[in-house]
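Trainee: Here's the letter readout for the chains.
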Amino acid sequence: MKLEGKRAIWSEYQKEIADDRYFYVRSCIRQNFFPGSEVAFLKIMKEELNKDIYEHPCHTTCSGIGYHGDVVPVETAMTVVARQFALMTEAGYRNYVPSCITSFGLYTEILETWHHFPEVEMKVREQLRKATGREFVIPENLAHASDVIYKFRTEISEKAKYRLINKYTGEPLRVVDHIGCHYAKMFPSKGIGGAEYPYVLAGMVEEWGGKVIDYPERRHCCGFGFRQYLVQANRGFSVACSKEKFESMQSFRPDMIITNCPGCPMFLDRWQYVINEMEGKRYGQNGEGIPVFTYEEVAGLVLGYDPWDLGLQMHQTDCEPLLDKMGIDYDPDEKFNTKVPEQGVKVTDLVNA
Amino acid sequence: MDKHIVVIGGGPAGMESAGQLAKAGFSVSLIEKEKETGGHLNDWFKLFPDRRDSKEVKAYLDGIVGSGRIRILKGTRIEKFQSSKDGFSLLTDNGIELNADAVVVATGFDLFNSSRKEEYGYGIYDNVITSGDLEEMFRKGNITLLNGNKPKTVGFVHCVGSRDEKVGNFYCSKLCCVTAVKQAIEVREHIPESKVFCFYMDMRMGGAHYEELYREAQEVWGINFIRGKVSEASESINNKLVVKVEDTLAGRPLKIELDMLVLMAGMEMSEGGNEISVQTGLMKGENRFFYPSDHHYANNISNVKGIFYAGTCTAPMNITETISHARSAVSEVINFFGNTVA
Chain A
1 MKLEGKRAIW SEYQKEIADD RYFYVRSCIR QNFFPGSEVA FLKIMKEELN KDIYEHPCHT
61 TCSGIGYHGD VVPVETAMTV VARQFALMTE AGYRNYVPSC ITSFGLYTEI LETWHHFPEV
121 EMKVREQLRK ATGREFVIPE NLAHASDVIY KFRTEISEKA KYRLINKYTG EPLRVVDHIG
181 CHYAKMFPSK GIGGAEYPYV LAGMVEEWGG KVIDYPERRH CCGFGFRQYL VQANRGFSVA
241 CSKEKFESMQ SFRPDMIITN CPGCPMFLDR WQYVINEMEG KRYGQNGEGI PVFTYEEVAG
301 LVLGYDPWDL GLQMHQTDCE PLLDKMGIDY DPDEKFNTKV PEQGVKVTDL VNA
Chain B
1 MDKHIVVIGG GPAGMESAGQ LAKAGFSVSL IEKEKETGGH LNDWFKLFPD RRDSKEVKAY
61 LDGIVGSGRI RILKGTRIEK FQSSKDGFSL LTDNGIELNA DAVVVATGFD LFNSSRKEEY
121 GYGIYDNVIT SGDLEEMFRK GNITLLNGNK PKTVGFVHCV GSRDEKVGNF YCSKLCCVTA
181 VKQAIEVREH IPESKVFCFY MDMRMGGAHY EELYREAQEV WGINFIRGKV SEASESINNK
241 LVVKVEDTLA GRPLKIELDM LVLMAGMEMS EGGNEISVQT GLMKGENRFF YPSDHHYANN
301 ISNVKGIFYA GTCTAPMNIT ETISHARSAV SEVINFFGNT VA
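Those sequence lines, one after another, are chains A and B. Each residue of the first sequence is one higher than the one before, starting from 1 at the first, in the working numbering. Each residue of the second sequence is one higher than the one before, starting from 1 at the first, in the working numbering.
If you're looking for bench data, these hints aren't it; they were derived computationally from the structure. This structure is a prediction, so every number in the text was calculated from the model and none was measured. C-beta: ideal position from N, C-alpha, C; glycine also. Treat each hint with caution, since some may be false.
[Stated by the list, open to error] Lysine-lysine pairs mimicking DSSO-like chemistry, simulated, CA-CA at most 27 Å apart: (1) B/Lys166 to A/Lys15; (2) A/Lys243 to A/Lys151; (3) A/Lys185 to B/Lys166; (4) A/Lys281 to B/Lys240; (5) A/Lys211 to A/Lys185; (6) B/Lys166 to A/Lys2; (7) A/Lys2 to B/Lys229; (8) B/Lys244 to A/Lys185; (9) A/Lys281 to B/Lys255; (10) A/Lys185 to B/Lys255; (11) A/Lys151 to A/Lys51; (12) B/Lys229 to A/Lys211; (13) B/Lys174 to A/Lys2; (14) B/Lys255 to A/Lys243; (15) A/Lys211 to A/Lys281; (16) B/Lys229 to A/Lys185; (17) A/Lys211 to B/Lys240; (18) B/Lys244 to A/Lys243; (19) B/Lys166 to A/Lys243; (20) B/Lys240 to A/Lys185; (21) A/Lys2 to B/Lys140; (22) A/Lys243 to B/Lys229; (23) A/Lys2 to B/Lys152; (24) A/Lys2 to B/Lys240.
[Claimed, not checked] DEER-style ranges, computed between Cβ atoms: (25) A/His115 to B/Asp43: 53 to 61 Å; (26) B/Glu34 to A/Arg235: 54 to 62 Å; (27) A/Gln232 to B/His295: 51 to 59 Å; (28) B/Gly148 to A/Asp309: 51 to 59 Å; (29) A/Leu3 to B/Arg139: 24 to 32 Å; (30) B/Glu79 to A/Pro73: 51 to 59 Å; (31) B/Glu216 to A/Pro73: 35 to 43 Å; (32) A/Ser11 to B/Gly25: 47 to 55 Å; (33) A/Glu244 to B/Asp133: 30 to 38 Å; (34) A/Leu3 to B/Asn335: 36 to 44 Å; (35) B/Asn94 to A/Leu3: 33 to 41 Å; (36) A/Glu171 to B/Asn94: 49 to 57 Å; (37) B/Ser89 to A/Glu16: 41 to 49 Å.
Construct the complete structure from the given sequences, taking the supplied hints into account.
Mentor: In structure tokens, the structure reads:
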């Protein structure tokens with residue numbers, strides 16, 4: 001492996017990422033899968049980086065999950081997206097930051113479509129006007145939330161309490177980076193590092209002390225693949241996909257997996273549990289699983305956030321082996337001692353709190 | 001009368017043109033940007049289909065330009081190119097001024113930069129090489145992996161940068177198929193115990209004796225031809241290349257471990273040709289090669305009066321075609337001056 005070859009490609013695929021004043025849109029499924037991740041992102045942006053980041057209480061799904069699941073027509077998806085842009089416009093923001101990779105892919109696809117077919121944009125504007133009376137401007141900057149963390153990876157590193165170093169060996173932790181398919185596979189130029197050797201997560205890992213593993217099935221789907229999972233009869237394919245990746249990465253002895261998509265951590269995490277139940281097989285070291293994280297969770301751990309505040313108790317593959325290797329101080333007894341929110345809190349109070 | 005012709009490009013087409021023009025009585029200057037004439041011929045070991053040493057052809061070309069009647073300017077680029085009342089005036093990067101009554105453009109081709117096909121990992125994975133790199137190994141007589149071992153399994157990927165919308169090259173480079181067949185045989189000759197696989201879209205064996213070579217590769221050398229595009233290459237923990245390919249005849253995907261992967265780089269308009277195009281206003285086609293006035297009967301004539309094309313600056317060609325094309329360019333130059341040269 002010649003790292004300089006990868007660095008040459010990485011240098012070709014860079015993009016403009018806004019510096020401040022972000023309009024943030026949550027994922028429609030992440031809050032059920034790993035709810036601590038988006039909270040951690042907002043906390044990092046506001047409290048660590050002192051950025052102006054806003055989320056709108058009327059934001060809805062972008063409909064990308066239905067679009068890629070073949071149940072939502074593209075014109076409908078465009079009108080839903082146009083409405084999101086209208087919310088951003090009304091709030092006075094121009095830098096759009098989706099939490100979800102599929103949303104990012106869909107927004108990119110729609111903006112590209114409108115760029116090449118302005119008549120489609122006009123039609124969608126008309127549809128939005130008729131349906132809601134809203135108008136919108138095109139975002140000046142579109143970046144996935146992982147792009148934003150990538151941009152500020154050095155600032156996060158400067159505040160780090162822990163690093164991605166194995167405290168037992170002093171060696172960099174061996175990290176598998178898994179990028180959501182919709183991040184750059186459709187539009188390589190829109191992703192940091194491109195589609196074949198994405199750098200968005202690798203850049204964070206390197207900056208925070210770890211070492212990225214390149215293994216043969218690195219580009220393979222996590223197992224979600226939308227129809228592989230959403231169509232119940234196909235779920236065997238979903239597990240098989242994930243298994244193919246685990247088998248391929250196992251010999252590289254990864255300490256952890258880092259992801260930037262709503263579906264990937266879910267399937268790479270849950271299917272390890274399922275495969276163990278089905279076949280009694282685990283892919284990590286010492287008979288353990290390979291802990292799987294979102295990039296916000298990893299950033300949070302590096303910054304010294306409490307693992308249980310980050311929601312790591314929601315993972316089915318235990319995260320503790322990684323916490324121990326990083327030397328993180330945590331209380332095992334608090335793992336499932338869930339903090340119950342105050343009663344009577346309105347939804348509108350939860351956003352931009 | 002002593003008409004002066006400047007030939008731009010000192011590869012086979014430029015050398016042949018210059019030599020034949022000199023024979024016909026013209027005063028000729030041959031400009032080559034590299035330190036040596038010969039172009040890609042210098043990089044190739046043996047030529048298809050008969051596997052003669054490329055040095056033999058180079059020796060012929062050296063002979064034809066070595067008469068002393070041709071001014072050869074090596075390591076020289078054109079800095080300025082202007083049309084003048086009587087022809088063209090050229091200024092080289094080392095300050096030489098040349099006045100030409102006519103110009104033959106023989107700027108050739110560049111091998112496709114295989115690192116642009118990122119999924120194959122050229123420049124990243126240790127033992128992914130190009131057809132050009134393999135020729136260099138043949139020349140040295142030493143086909144080895146980066147760790148010095150001999151490869152036991154070798155794959156050839158056809159159409160790298162050819163017939164590929166993703167890289168903007170729709171055309172067929174037409175010589176990569178036969179080159180792969182030749183090189184596959186040569187690998188088997190050098191390493192008899194090796195297993196060799198060729199991954200192809202179509203086998204385009206349109207030249208004289210190409211089909212026979214293809215048959216020999218299968219019947220005598222046992223080379224496996226698999227119809228399908230390689231989708232990606234990666235590296236395993238034991239430094240083997242893991243290659244994913246679709247076998248379209250068997251109708252199933254394949255995953256295969258190889259020691260070495262050879263990318264059959266296609267042909268593209270040369271960088272030098274692009275520079276000349278900007279300087280002269282010569283038209284390029286959709287394939288970005290120079291666009292002749294007529295593909296059937298004026299293949300050497302350009303859109304600029306007095307400038308002629310020779311060789312692969314107009315399209316992919318083999319050596320035989322290149323030399324024929326260069327000779328026909330000379331014929332057009334003679335016609336241009338009304339058959340009255342000297």
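Trainee: Indicate, hint by hint, whether the structure satisfies it.
Mentor: Hints and how they fare:
Among the hinted pairs, lysine 166 of chain B with lysine 15 of chain A is consistent with the structure: their alpha-carbon atoms are about 21 Å apart, no more than 27 Å. About 32 Å separates the Cα atoms of lysine 243 of chain A and lysine 151 of chain A, which puts this hinted pair outside 27 Å; it is violated. For the given pair, lysine 185 of chain A sits about 13 Å from lysine 166 of chain B by alpha-carbon distance, which is consistent with the 27 Å threshold. Distance check on the hinted pair: lysine 281 of chain A and lysine 240 of chain B sit about 26 Å apart at the alpha-carbon level, within 27 Å; holds.
Our distance criterion of 27 Å between C-alpha atoms is met by lysine 211 of chain A and lysine 185 of chain A, whose separation comes to about 23 Å. Distance check on the hinted pair: lysine 166 of chain B and lysine 2 of chain A sit about 24 Å apart at the alpha-carbon level, within 27 Å; holds. Between the alpha carbons of lysine 2 of chain A and lysine 229 of chain B the distance comes to roughly 24 Å, so the proposed pair stays at or under 27 Å and holds. Between the alpha carbons of lysine 244 of chain B and lysine 185 of chain A the distance comes to roughly 17 Å, so the proposed pair stays at or under 27 Å and holds.
Of the supplied pair hints, the one linking lysine 281 of chain A and lysine 255 of chain B holds, its CA atoms being roughly 23 Å apart against a limit of 27 Å. Our distance criterion of 27 Å between C-alpha atoms is met by lysine 185 of chain A and lysine 255 of chain B, whose separation comes to about 21 Å. Between lysine 151 of chain A and lysine 51 of chain A, the direct Cα distance comes to roughly 13 Å. Compliance with the 27 Å bound is thereby established for this hinted pair. Distance check on the hinted pair: lysine 229 of chain B and lysine 211 of chain A sit about 32 Å apart at the alpha-carbon level, beyond 27 Å; violated.
Simply put, lysine 174 of chain B and lysine 2 of chain A have alpha-carbon atoms about 31 Å apart, too far for the 27 Å limit, and the pair is violated. Straight-line distance between C-alpha atoms of lysine 255 of chain B and lysine 243 of chain A comes to about 16 Å, which keeps the hinted pair within the 27 Å bound. For the hint pairing lysine 211 of chain A with lysine 281 of chain A, the CA-to-CA distance comes to about 25 Å; that is within 27 Å, so the pair holds. Annotation: proposed proximity of lysine 229 of chain B to lysine 185 of chain A holds, straight-line Cα distance about 18 Å (limit 27 Å).
This hinted pair checks out: lysine 211 of chain A and lysine 240 of chain B have alpha carbons roughly 21 Å apart, not beyond 27 Å. Proposed proximity of lysine 244 of chain B and lysine 243 of chain A is supported: the alpha carbons are some 17 Å apart, at most 27 Å. Annotation: proposed proximity of lysine 166 of chain B to lysine 243 of chain A is violated, straight-line Cα distance about 31 Å (limit 27 Å). Taking the CA atoms of lysine 240 of chain B and lysine 185 of chain A, the gap is about 25 Å. The hint holds against a cut of 27 Å.
A hinted pair counts as satisfied when its Cα atoms are at most 27 Å apart, and lysine 2 of chain A with lysine 140 of chain B qualifies at roughly 24 Å. Simply put, lysine 243 of chain A and lysine 229 of chain B have alpha-carbon atoms about 25 Å apart, close enough for the 27 Å limit, and the pair holds. With a C-alpha separation of about 22 Å, the suggested pair lysine 2 of chain A and lysine 152 of chain B falls inside the 27 Å cut-off, and the hint holds. Taken as a hint, the lysine 2 of chain A and lysine 240 of chain B pair is honoured in the structure, with Cα atoms around 14 Å apart against an allowance of 27 Å.
Range check, histidine 115 of chain A to aspartate 43 of chain B: Cβ separation about 42 Å, and the 53 to 61 Å hint is violated. Checked against the hint of 54 to 62 Å, the C-beta distance between glutamate 34 of chain B and arginine 235 of chain A comes to roughly 60 Å, which is consistent with it. Between glutamine 232 of chain A and histidine 295 of chain B the CB atoms are about 57 Å apart, so this pair conforms to the stated range of 51 to 59 Å. Separated by about 53 Å at the C-beta atoms, glycine 148 of chain B and aspartate 309 of chain A satisfy the suggested range of 51 to 59 Å.
In this structure, leucine 3 of chain A and arginine 139 of chain B meet the distance hint of 24 to 32 Å, their C-beta atoms being roughly 29 Å apart. A C-beta distance of roughly 58 Å is found between glutamate 79 of chain B and proline 73 of chain A, which places it inside the suggested range of 51 to 59 Å. At about 55 Å, the beta-carbon gap between glutamate 216 of chain B and proline 73 of chain A misses the expected band of 35 to 43 Å. Restraint check, serine 11 of chain A to glycine 25 of chain B: a C-beta distance of roughly 54 Å satisfies the suggested window 47 to 55 Å.
For the pair glutamate 244 of chain A and aspartate 133 of chain B, the beta carbons lie near 32 Å from each other, so the given range of 30 to 38 Å is met. At roughly 57 Å, the beta carbons of leucine 3 of chain A and asparagine 335 of chain B sit outside the given window of 36 to 44 Å. For the pair asparagine 94 of chain B and leucine 3 of chain A, the beta carbons lie near 39 Å from each other, so the given range of 33 to 41 Å is met. A hinted range of 49 to 57 Å for the beta carbons of glutamate 171 of chain A and asparagine 94 of chain B is consistent with their spacing of about 55 Å.
In this structure the supplied range 41 to 49 Å holds for serine 89 of chain B paired with glutamate 16 of chain A, their Cβ-Cβ distance being about 45 Å.
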